[in-house]
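Trainee: In case you want the letters, here they are:
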Amino acid sequence: MSLKTIWVIDDDPIYQIIVNKIIKKSELFLSVSSFKNGKDAIDALKDSLEKMDTLPNIILLDINMPIMDGWEFMEEMVMLKSKIGRSIQIYIVSSSIAMEDKIKAKSYPQIIAYLSKPISPNDLILITANN
Amino acid sequence: MEYKNKWNKYISWFLTKPKTTGLFVFLILNIGVSFMIQQRIEIIKENERREMQRILGNLHQNIDQCLRNCYTTSLTLALIINDNGVPENFEFISSQLVTSNSCISAVQLVPNGVIKYIFPLKGNESALNLNLFNTPSLRREALKSIETKKMYFAGPLELRQGGIGIVGRLPVYKKNKFWGFSAVVIKLNNLFKVSGVDEIDTTKYYFQFSKINPNTKKEDFFLPIKNDIDIKRQISTKIPDGNWKIYLIAKKQSYHYSILFLPSILGFGLSLLLGTFVTMLLNRPKKLQQLVGIQEKMLLNSEIKFKTIFDGAPVGIALVDANTGNFLEINKKFCELIGYSEEEMKTKNYQSITHSKDLQPNALFANELHEGKIREYRLKKRYITKSGKIIWTNLIVTSLSKENEKLDTNISIIEDITLQHKILEDLKKSENQFKSLFKNSPIPLWEVDLSLVKNYLKDLNLINTNTKIAANYFEQHPEVVQKCYTLVKIIAVNYKCLQLLNIKSKQDLITNLEQVLDKDTINDFIAQLIAITQNNHQLAYETKIKNSLGESIDIHFTWNVIRGFEKTFERVIISTEDITSRKSHEKLILDSRQKVESLINTIDGIVWECDIETFTFTFISKKVEQILGYTSEEWLNEPHFWKNHIHPDDRDWALEYCSIKTKELSNHDFEYRMICKSGAFIWLRDMVNVVYEHGKAVSLHGIMIDITKSKNIENDLNESFNLVSKQNERLLNFSYIISHNLRSHTSNIASIVSLIQASETEQEKEQMMELLVSVSSLLNETMLHLNEVINIRTNINLATESLNLKEYINNVMKVFSKQIISKEVTITNQIPEDLTINYNPAYLESILYNIISNAIRYSHSDRKIVIDLKWIIKKNKKILQISDNGIGIDLVKNANKIFGMYKTFSNDASSKGIGLFITKNQIEAMGGTITVESKPNEGTTFKIEIL
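Chains A and B are the protein sequences, given in the same order. Residues in the first sequence are numbered consecutively from 1, following the numbering used here. Residues in the second sequence are numbered consecutively from 1, following the numbering used here.
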């Protein structure tokens, strides 16, 4: 089983530190990239597509972010679907427990699951296993 | 015979016209006188002419004498010429000649046309040696003497030696050869003197002397020509010796007509006298003639009158033979009535055209008349006309025979009375009809005679008085009323009437009439009496009477004076219809209607009825006044009252709903507002039912119930429900915010804790601990924010102060003074100077601070910051508007988030996403709202509603 690349999109710097730590500890992933909002992430994705670089296998996506939030990011992803050949597995990781967010998440096929913070090493194992 | 007739006719014509005849005589006599006078004038004229002729003859003779002397003289002179052609002893001879002839002024000898010898020479020297043939004016006449070989008198001409004269020249031949002339010169004056011209009576005549000028051929006159010459009255004679002409001309002068004047006047007067005399003479028979004419005319007139009466009379007149009854003379009307022509009638007698039933009585009368027992008779009889019709006539027959004188002619006059006869018949018939109608009428009828009453009232001077006066009088004089009552005469009553009053016969009624009279009936009777005083021919009212048993009966009383008796009131028909049952029915209906009405009026709602087509109300219960303030009359008098008084917001739909439902003919109820008289509005529930009559929908009725109270409660309930839902929503929202913000921190803490537990090195552990510290401080910060927000939300009774907005804004601006200067911010504060608002000062400061700091923070890098503050009042809302020219926000994406907690829209590290959240909460806590308008790269405008 080859190691996968994972992107974390979240505006909470502390969360970013924690997730990075957990991911590295788990040793399940080849690399991890952090983005503080959807805009940064989608720009990086487009850049990778252009350069024919490897795309991430998994994205952990927060919903509430400045500039471009999780849903706006998803809209961009839908538009890029044709260019992205193999599917990128997206997991919503949010502190929101609002039902409407969970329902909205189901409307996107790319979104595999809706995870509530805090994320645990076990969650990562499940994510990789699911892949 | 005929001639004589004609003559007579002329005579009579003259005799009848005396004035014309007189004039005629006068004219004839006048003409005779005129003729005579004319004759006299002619005679006078003739005498005068003869006188002139005589004078002229004398003149002519004298001149002739003179000329002959001249001839002798010149011949004598010629004889003195010897054979040698030389005159001998000229002087002596000449002097002899001149002295013997007084008219000759000089003698000449003119050998070969040259004047050589003149006697006397003295005074005539200028003519010596004058050559006649060389002088043009003399030549012609000189030659004429030679030509005629006779003595010729030339002139009168201008003599060389002076004066006018005539020259007589005798050509002298010696040895058959022209020697010259022997001439005499006669002065013209001398000639006239010798001729006796001077002796002519110059008051009567003129003398004129003329000669045809040998050179010009014109007639030259040698005496002055007078103007008053009457050319017609002149005579003339020629003198061939000199080619002269002498005239005698009568002066214009009236003849001695004066001698005619008297006879003329006399003649005229005589004829005038004669004419007048004839006129007077003839006037007498004319007057007689006129008298005869007048009498003739009168005679003719009376004859014509009689004929006209006879022919043109509107009655038939006939002369009848008394013995046979034959018609002798018959007028047009008679013929017209009977239908035969005059000729046909003359072949008939009266018996043949009389109706058989009337023959007998007619014959009796005719006999009596014939025998002289009566002078005339009158008879109503029938004739049969040519067409077979029967006509009724009034016949009057009078005998024309005088006393002691028997004449066999009667005069009959007939008058057509067929029509009267028929009318009379009809009248009888209609009277009978009336009687039977009266008798058998199902309505009780009375026929009464009120003439006595009327006369009585007339005696009391009550006829045509004022109604009130009459009424007063009757009230004060009951005895008069009583008297009147006794004066009522009942002519007849019908069976029904007796039945109604329960009386057996008319007689009973008359005797009982007074018993019938009680208090009420007296009042009715007074009403009748008043009607009589006013000459009313009709009267109707409803009243009560009692029958013989004392039972009260409702009657409809009508009172009609029969036509033709309006003045006397002799016949009046009274009907007393029994309306007892009708009255009781009416009362029943009235009672039930009153019941229904009182029932309707007790209902706590407006009961109404309206037309199904027009929605025009036909009934509205009195409750309307209590509920809406309008009276029923106000409502019903205005056709569109209902429509016009529905609340304007409800009118359109309510009317539409109502008309749709009505068209479907379905009963319906609906709720709407109506405007009260006071101006307030009231909620009504209107329950409408369709009313059918004979299966056809004719109207709507329903009831309107005041539901304002329950409607208000419902509205209050709705409002509080909305408030609660809103609060709930906000609470839920808030709980999400709290959970989200807290969870993000707690989840971080949880993760850190688990990482600490799993940490393998001390260093790692320390690192996590540091992280935990920062998380906890963040958590603390969040808690503080939330606390702040909760404080805002729980502060229900915030202290407010009256603040001058403009001043307050300026104060807040001082906080930013450094930035304003460094970034060159322009702030235009357009808030009115004196505007004050009631607001919590801390909140107002916080709100202004947040919005202005955002405006400065999110400024556009290309331009300097401009911030506008305005005060706007729109739709009764007071709005503080703050706009900037900064980077703006994409509201399409972020509309929901802009006022959310921890929502930031930039990567600016200082953006915390709490300012606008708190601002919104503060504004809402003050009861206002905040809205935002923005376009990326253009700017943002916040509108804050302030209560």
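Heads up, some of the hints might be wrong.
When the alpha-carbon atoms are kept at most 25 Å apart in a straight line, the in silico DMTMM-like pairs for lysine to aspartate or glutamate are as follows [unchecked claim]:
{"#": "1", "chain 1": "A", "residue 1": "K36", "chain 2": "B", "residue 2": "E770"}
{"#": "2", "chain 1": "A", "residue 1": "K25", "chain 2": "B", "residue 2": "E542"}
{"#": "3", "chain 1": "B", "residue 1": "K468", "chain 2": "B", "residue 2": "E415"}
{"#": "4", "chain 1": "B", "residue 1": "K422", "chain 2": "B", "residue 2": "D408"}
{"#": "5", "chain 1": "B", "residue 1": "K897", "chain 2": "A", "residue 2": "E72"}
{"#": "6", "chain 1": "A", "residue 1": "K21", "chain 2": "B", "residue 2": "E766"}
{"#": "7", "chain 1": "B", "residue 1": "K429", "chain 2": "A", "residue 2": "D43"}
{"#": "8", "chain 1": "A", "residue 1": "K36", "chain 2": "B", "residue 2": "D220"}
{"#": "9", "chain 1": "A", "residue 1": "K104", "chain 2": "B", "residue 2": "E729"}
{"#": "10", "chain 1": "B", "residue 1": "K806", "chain 2": "A", "residue 2": "D123"}
{"#": "11", "chain 1": "A", "residue 1": "K24", "chain 2": "B", "residue 2": "E766"}
{"#": "12", "chain 1": "A", "residue 1": "K24", "chain 2": "B", "residue 2": "E729"}
{"#": "13", "chain 1": "A", "residue 1": "K39", "chain 2": "B", "residue 2": "E938"}
{"#": "14", "chain 1": "B", "residue 1": "K897", "chain 2": "A", "residue 2": "E76"}
{"#": "15", "chain 1": "B", "residue 1": "K519", "chain 2": "B", "residue 2": "E566"}
{"#": "16", "chain 1": "B", "residue 1": "K765", "chain 2": "A", "residue 2": "D123"}
{"#": "17", "chain 1": "A", "residue 1": "K25", "chain 2": "B", "residue 2": "E766"}
{"#": "18", "chain 1": "B", "residue 1": "K935", "chain 2": "A", "residue 2": "E75"}
{"#": "19", "chain 1": "B", "residue 1": "K150", "chain 2": "B", "residue 2": "D220"}
{"#": "20", "chain 1": "B", "residue 1": "K504", "chain 2": "B", "residue 2": "D518"}
{"#": "21", "chain 1": "A", "residue 1": "K104", "chain 2": "B", "residue 2": "D890"}
{"#": "22", "chain 1": "B", "residue 1": "K935", "chain 2": "A", "residue 2": "D40"}
{"#": "23", "chain 1": "B", "residue 1": "K897", "chain 2": "A", "residue 2": "E75"}
{"#": "24", "chain 1": "A", "residue 1": "K46", "chain 2": "B", "residue 2": "E762"}
{"#": "25", "chain 1": "B", "residue 1": "K897", "chain 2": "A", "residue 2": "D123"}
{"#": "26", "chain 1": "A", "residue 1": "K24", "chain 2": "B", "residue 2": "D834"}
{"#": "27", "chain 1": "B", "residue 1": "K726", "chain 2": "A", "residue 2": "E100"}
{"#": "28", "chain 1": "A", "residue 1": "K25", "chain 2": "B", "residue 2": "E760"}
{"#": "29", "chain 1": "B", "residue 1": "K935", "chain 2": "A", "residue 2": "E72"}
{"#": "30", "chain 1": "A", "residue 1": "K21", "chain 2": "B", "residue 2": "E762"}
What the hints contain is simulated information worked out from the structure, not anything from laboratory work. Values in this document were obtained by computation on a predicted structure and should not be read as measured data.
Trainee: Starting from the hint list further up, note which numbers the structure goes against and sort them upward.
Mentor: Violated: hints 2, 3, 4, 7, 8, 10, 12, 15, 24, 25, 26.
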